[in-house]
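Line by line, the protein sequences are chains A and B. Using numbering that gives the first Met the number 0, you'd call the opening residue of the first sequence number 0 and step up by one each time. Using numbering that gives the first Met the number 0, you'd call the opening residue of the second sequence number 0 and step up by one each time.
Hints may be right or wrong, so weigh each one.
To be verified - Think about it this way: if two alpha-carbon atoms lie no more than 25 Å apart in a straight line, the pair counts; the simulated BS3-like pairs of lysine-lysine are:
{"id": "1", "chain 1": "B", "residue 1": "Lys-133", "chain 2": "A", "residue 2": "Lys-279"}
{"id": "2", "chain 1": "A", "residue 1": "Lys-162", "chain 2": "A", "residue 2": "Lys-181"}
{"id": "3", "chain 1": "A", "residue 1": "Lys-244", "chain 2": "A", "residue 2": "Lys-279"}
{"id": "4", "chain 1": "B", "residue 1": "Lys-133", "chain 2": "A", "residue 2": "Lys-181"}
{"id": "5", "chain 1": "A", "residue 1": "Lys-245", "chain 2": "A", "residue 2": "Lys-193"}
{"id": "6", "chain 1": "A", "residue 1": "Lys-192", "chain 2": "A", "residue 2": "Lys-181"}
The hints are simulated quantities; they were obtained by calculation from the structure and are not laboratory data. The structure displayed is predicted, hence computed values, not measured ones.
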Amino acid sequence: MSTPGNTGGQQPSPPTGQTSAQAAGSIRDRLSSPRTSDQASGPGDTRTSDLHENGFQQTDSAAALQGHGRGESQYDSSSPPVATEELAGRKHPLGPEDAKAAERKVAALFLLSFLGVVGFVATFFLVPHEYTSSTRYLYTPLLGTFMALALGGVGAGAVLWAKLLMVDEEAVQERHPFGSDKDERGATAEALKKGLEETGIARRSLLRNTVLLGAGSLALLPVPFLFGLGPYQHKERVLATTAWKKGVRLIRQNGTPVRLGDLSIGSIESVFPDVEHGTKIADSPTLLIRMRPEELQVVEGREDWSIDGHIAYSSVCTHLGCPVKLYEQQTHHLFCPCHQSTFAANDGCKVVFGPAARPLPQLAISLDDEGYFVAQGDYSEAVGPSYWERDT
Amino acid sequence: MSLLSKGTDAGAVWVDDRLGSSNFVRRSLNKVFPDHWSFMLGEIALFTFIILLLTGTYLSFFYTPSLTEVVYDGSYVPLKGVTMSQAYASTLDISFDVRGGLIMRQIHHWAALLFMASIVVHLMRVYFTGAFRKPRELNWIIGVALLVLGIAEGFAGYSLPDDLLSGTGARIAYSIALSIPVVGTWTAFLVFGGEYPGVAILDRLYSAHILLLPGLILGLITFHMMMIWYQKHTQFAGPGRTEDNVVGSRLFPTYAAKAGGFFMLVFAVLAALGGLAQINPIWLYGPYDASQVSAGSQPDWYVGFLDGSTRLMPNWEIAGFGYTVPLNVMIPTVVLPGILFTLLALYPFLEARFTGDRDYHNLLDRPRDVPVRTAIGAMSITFYLVLMIAGGNDVIASVFHLDIISMSWVLRVSLFVLPPVAYFVTKRACLALQRSDDELVHHGIESGTIRRLPNGEFVEETVPLPAVYRIALTGVESDRPQLEGATAHGEEGKPKGPGYGDQHVVEGAPERVPGFFRAKRRSGPSDTSAPRPEAAMPELERSGKPAPPEQ
Ligand code: HEM
Ligand code: FES
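Excised from the complex, chain B in its bound form (with noise of 0.2 Å):
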């Protein structure tokens, strides 16, 4: 024991002789990150990115870029003495005679389809919660590049084995490429070097692949971590939590030990998959041939949207005075997603815009009391699940004995009226919960205590909520009446409001949103179809916080 405190003292000596760096690194083992299950989403982010790039560099030692015609001659039997691309041979070598190289290929690729996931779902977390508000926006949109990145690395790394499926789909992206107006071709041949399959594509998308668009991650992804770490970590409100400060563990030792075991665990979860599932057996397609294509191929998983709305699309097309504009490509794949992301990136200022609110927000929202965003976010994501379905509709036909055709219609018709059913339905939602929550703060929680009172009417006596799940649910220390423990933080402790200093708006500064977004709190009369208090009880109780008191 003693000689590790000795050599942490020898070691900390050394380099600080030499950076003067003790301030700082004490200051950042002292950082202080606050406890959510949801903050561990961005994390898995971050984890899987440094899976894929370990994997994807003992992956680059074996992998050769080349459309060169072989003819295989590894350990494979069923391809033995087939004429195929060096690329998609040297694929077949990392799956089967590179020892270790299978799972290599597999853990990369099952991290892929985590990596995007998390990203995805992170983005939901940091929406849902308005985690993207002010001063947050320029993480927001770093972010919503990092998904744009993410998807085309994902394309990139799928197109490189060459085999069936990866060439189909290059060749899509091609005529994607092809059916923008005016500047189509010519885009589409400088990418691919000439006229599909043209001569550069497999290198070119190597070193997309494997330098251009992970060095631009990582150096967002860099951006993205600092802003975090000099923003500091938004929370949920609770006691003690305010606009001003951030209650947590610090990054040493405790955050330290969760994080980086939970890196290890993410870790172990995709080397049981790498190891235990197979995924893009490419053997099994055989190598790239134009002339040949297999029923039921599937994108991955997040490019399953764009494939979907390519498919819903009605077949319209322009032509005229020498020209075609192919709309039925270029407005599901170029047009829909360009607004898609774009409407996101611009997010936080749309909404900022809308409500009038330029306020500081360091307490995050619980979706149901922003109703109208939390609608948004749900009739967007319904949109984004009917292309998803869409995506896969002829195996779902299949497995279904469904028509196709009508199975379409079907998928049209929904994209277009189940988004605004999903609006309605959770914003009443969001209303409701309020409004449970409402009573829990003002009339308490039952007790299942039956009195009789004296002219013989029956009533249930109510215990006051305890003073920790009253503030995580109104995110207001101070302005009711309070419980006995908590009169001692008395006016300083009074959170300042969403200002910092002296420049922004303070204390008892009207609540500046306007009712359309948030706060249609109803303090009505109890509402006998609102979720019983009990039931809401035991999900605050996981969340971490206390027990209540004994009363």
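Excised from the complex, chain A in its bound form (with noise of 0.2 Å):
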């Protein structure tokens, strides 16, 4: 064909419409190094028989898919690949010699695997894993490292044999057509037209309408199920209201109460409602600040709201609910560690800074008869992230 030493009549033509292939086999010849070419030649080659001996039978079976190929074209509209290494004018790129080296090297590779697979099965039943044992820290990296030379052994193994050992071949293979020809999707609309007819659904309307309309409403059967994943619950206003009560203790997250003087000026505490399950409820969370009462401006309204520089907060942001924590004494800055909301607390929490856009919103406290904190009543807005049917 293409390379001068096997253009001889031994090979069976390429179907028409290669022939762009078959330049290309030529301009690489032309083009690739002396050695290639000259070394790429027919039957004789020295280095066909090597291939024999080592089982490649690239050359043979190469030039019986192209007879058998051809002989079926007919059924395939894929044709077969125009094969392979007489296309590509190479032969695989080695010499004997190298050849031997280089299964070598894929041999020591597929060995390094088997090594890995054994010494990640010594190492899995083997060396103690527990949390007390000393080698805790050599369990995991041990196996990671067994086994990734037991795939990467294989694997580079693999790849090598084929770079190395298998023909560099140049294959090339037809597209077909993807659309259809017109006499093939006239007939394909036809039976489609014909099967309707034979339904009769033009003509019987009443069928017509019933199915669209039976078969249609099955489309809302799965509706309900969706409905029935949750509660809708606008009514009872469940994202308006938390577990603060009038008269519910603040209580530390270990379930004690909060005195009036146990807050050093400038400290801050995360309280909840001293409720059942209080510490866990996700909208409730609190924060108690104390600063000192000339740094506190208090919100009009809210006078009463806040004791001797002590004042509470929800700490849900307003942003996406994130805890904000985070008190910064000097400014009285809060921050939400999630996107920098930042609010400023001795002024009604104010947003000083980032993507939230309300205050958070503040708890009205006093103290009990023993002079603990309790809340005043429940927010008087809703906590946390805004919503459609939000309305202050």
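Using the hints, put the two standalone chains together into the complex.
See below:
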């Protein structure tokens, strides 16, 4: 074909339409190094037999395939590739000694893989892995290393085998057209029309309308299941309420109530409603902050919501609900770690920076008879992120 | 050896007797796959998905998706006696008490990160080479669907351990759902089974993560592959490569050996990462607690751009008539990704509409040859990167001791200024690269030999560009002066143009794509600022083309 050495008539000529591929071979031949084209010769080539000995029956099978493919192309829209090394004008690039060396390299990689498996199995069963054992830091890294060797050995071996020892082929395959021809399309459309006619759906308008109604309404069947996934509690306004009620004490995470004087100036405490599971209720965590009374700019109408510089805000960020916890006593800024919204705790928790749109709601607090902090009632507005039905 | 071939024969006969599959199998074994390093990116995505299925199945044997409280009594000493959900406790067990459990967890997480990364880079290669053009638009859309499903799948998985970070992520997702006008509250309640944290979210995330989403992804990947199989892979221009053929190696044995080996290599890298590089150490974060958060917590990288858009958004909110629309949440987390993914999915159709190009394309574009598309791509990547950086603005600010407020402003401005700059610069660069190509094609390679003409003028001799390179650069085989070697292929070898058979525009049809999108190639006089041809050569050599001839 394209290679000077094997233009003899033994090769079946390629199907028409492959001419450009032939040309490819010839460009390649002329451009590739003289050594390659010298040696890419016909069946007499020494390395061909070398190939056979090693079981790579590339040449035979390729030729055979061509024969088959041509015979059957009427069944096969994608004609088989015009193989292979003849077109590419190359055998595999290694001489016999190099090939032996490459074979050894690949074999070494496969061996490495075996060792990796052995190491993995040994580590898996024999090395103590418990947190209390001294080898716990080694266990997982050793597993990983052996596993990587086991998998990588086979992987690198296979890739090298393909690169070094298999024919660097340049096979060419025709694409087949995607669209069908006009007759084909027409026949299909015809078959569809015929089928529809046989149902008589066009004539029987009663059937047509009722089947549309009946089958169409099937689409509604899953909808109730969707509603069943959860409650729709617009009426109960669950989002607008929390667990805080009049007289409920402010407790710490460990359950102890907070008394006036427990907090030093400039400090902050996470507090929860003293109700059942109070520390677990997601919308109720609150921050109790103490600052000098003169530093506090009390919001109008909230004069009696704080006591002696103690002021309480919801710790659920009004942006996306992360817990706001970081307090900077110099600036009185409360800081949300999620998207850096910053609130002025001494000024009604107004937003000074960040994507939050609303101040943190303030919880009105007072003291009970024993001197413990209690809530005067629930928050006067919904805490946390905004939502459609929120009406303040 | 003969035993092996006998066995193969017997096996083939046995199967063929029952399925008559010989013809199909042989055609499959002979299928030709073109070779280019960038075609491996999709393979990495496929392989990591398989690895995710394998490791995930193992994890599911031990994980319990339950919020029921238990007192931890496993071997991790620092948390002994702490009350926590069963989900968190079972994840601790996988990490400390199940043999090989930690490495499985870590491989699974690394594989998820690599999966998303390979999808994104694969998408970029498909975009920049124009592989999405007719007839492959459907595969592009499936690809975008896979990208979105991948993000959802990753998010669901991230939420399962019920540690401090994952609980925070779930709460943010709930709040995002709340922000949708009219149906938001309802949606959030249905998904979570009530007000946050609800009763059901963990079970639902679990069945989504191990059944629903992987099932969808698997189905779509299967479809993706079938379509590639049927339509055959695209290829770059080169000698003998036309719109109507595929040039490469056959599936069996060469391609199969390389791809199989590559799968093992990807798995090996992930095994090494999973064994040696710690990831998501949930025992350090502690169990989820609605009132706790750790500073500087970051989502996995593929959600980072949404985190960034959320951070940069001004704090706008509309309230009135008893209703509230939280624009500060809805725009960056619902509207923006909605627009981005819709545009992404529709891109092939938008481009076709804009250029009027409705032809089949099996030869890939070199990015520089379509400056506008490439520039749009660069613009989008820049936009995405600014958002990603914004997602880590607190970390960056604290590492470099910057003020977070001014940093946010810089990023806000960059988000609108840098993408157009990227567009402009990229387009210029493409045109410059085209010019240097042109130089090579028309004037040849500088030989280094300076000749003095009789009139005293010095000229440098050039060597004509070898045909292989010329074809790779121009995609044209025959309308230019032929090298001696190329003449053999005559008229028949002329690429038939992008069409097939009789239904499409055929040879000699004028270029239908308006100059705005592509083909701004200027064949002007040499421009000294253009890269020297020598600089371009090694790259061509690396791409596996044969060495140029000695002249
Ligand atoms: C689960 C994720 C994905 C997997 C496992 C996957 C896998 C693959 C593989 C193995 C190939 C062939 C090799 C290659 O060209 O790289 C491929 C081709 C392709 N992929 Fe994907 N892919 C994924 C996502 C995507 C995405 C996100 C897009 C684009 C939005 C996309 C669009 C395409 C297209 C158009 C082709 C055909 C390319 C051609 O023939 O040149 N895929 N995919
Ligand atoms: S959740 Fe607080 S800033 Fe976003």
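Structure-based check of each hint:
{"no.": "1", "hint": "B/Lys-133 / A/Lys-279", "verdict": "violated (56 Å)"}
{"no.": "2", "hint": "A/Lys-162 / A/Lys-181", "verdict": "violated (45 Å)"}
{"no.": "3", "hint": "A/Lys-244 / A/Lys-279", "verdict": "holds (16 Å)"}
{"no.": "4", "hint": "B/Lys-133 / A/Lys-181", "verdict": "holds (19 Å)"}
{"no.": "5", "hint": "A/Lys-245 / A/Lys-193", "verdict": "violated (77 Å)"}
{"no.": "6", "hint": "A/Lys-192 / A/Lys-181", "verdict": "holds (16 Å)"}
Hints 1, 2 and 5, counting from the list given before, are not met by this structure.
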